[in-house]
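Undergrad: Please model the complete structure; the sequences and the hints are all you need to start from.
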Amino acid sequence: MVALGLLGEPATVPFIGRYLDSPIAELRWASAFALTRFGIAVPAVVDALAQVVARPPEKTASMSFLSGSWRGLAAMALADTSEATTLQAVDDMLAGPAAGTGVEGFHDRHCAARMLFGLVFAGDPAEPPHVFGDLSDVQQRVVRFLAGQDEVALPSGATEALRRWKVPTRRADLRVYAGMVQGGR
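103 is the number of the first residue of the sequence shown in this note's numbering; add one for each residue after it.
No lab work stands behind these hints, which were simulated from the structure alone. Mixed in with the good hints there might be a few duds.
Listed next, the in silico EDC-like pairs over lysine to aspartate or glutamate satisfying Cα-Cα at most 20 Å (straight line) [as the list claims (entries may be wrong)]:
1. Lys268 / Asp226
2. Lys268 / Asp236
3. Lys268 / Asp239
4. Lys268 / Glu229
TA: Written out as structure tokens, the structure reads:
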């Protein structure tokens, strides 16, 4: 299914689309991924990808490309849709990798974070935000998530994106910036 999407033959879209409501998670994911290659991002496609980012199917021997990262590929496909920066999609991109562990978890966090920060804090702002309230709702959600995490390194791409947007990068400063604690405490 994924290969059909990558090959880009429009005549395969009806065949691929039949699997979007499959009871088998891998087929739903593969169908959704393939359909995004054709620019199709209907709600069912976005939902299937977001579900995999949040809760991927168990890994099988057949999943060997992109280090076997269901989340990574789903995040990549989701990033290509216009729905990628909705609050729900961002919540799924934040929650899924946060639950990952080990080498696979590291890869998932890296891939999803790179996608997320590239979308939510894209480019240089026309006018850097002066206060937390100047950020969009989605940007505020991401900043609150980061501020609420333990004192570990920021996800890949976060520091650079936050600096471009003139947002603090230290967790303690993020907490103050987001109004989660009073300054100086």
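Undergrad: Compare the structure with the hints numbered earlier in the document and write down the numbers of the violated ones, lowest to highest.
TA: Of the numbered hints given earlier, the structure breaks none, since each of them holds.
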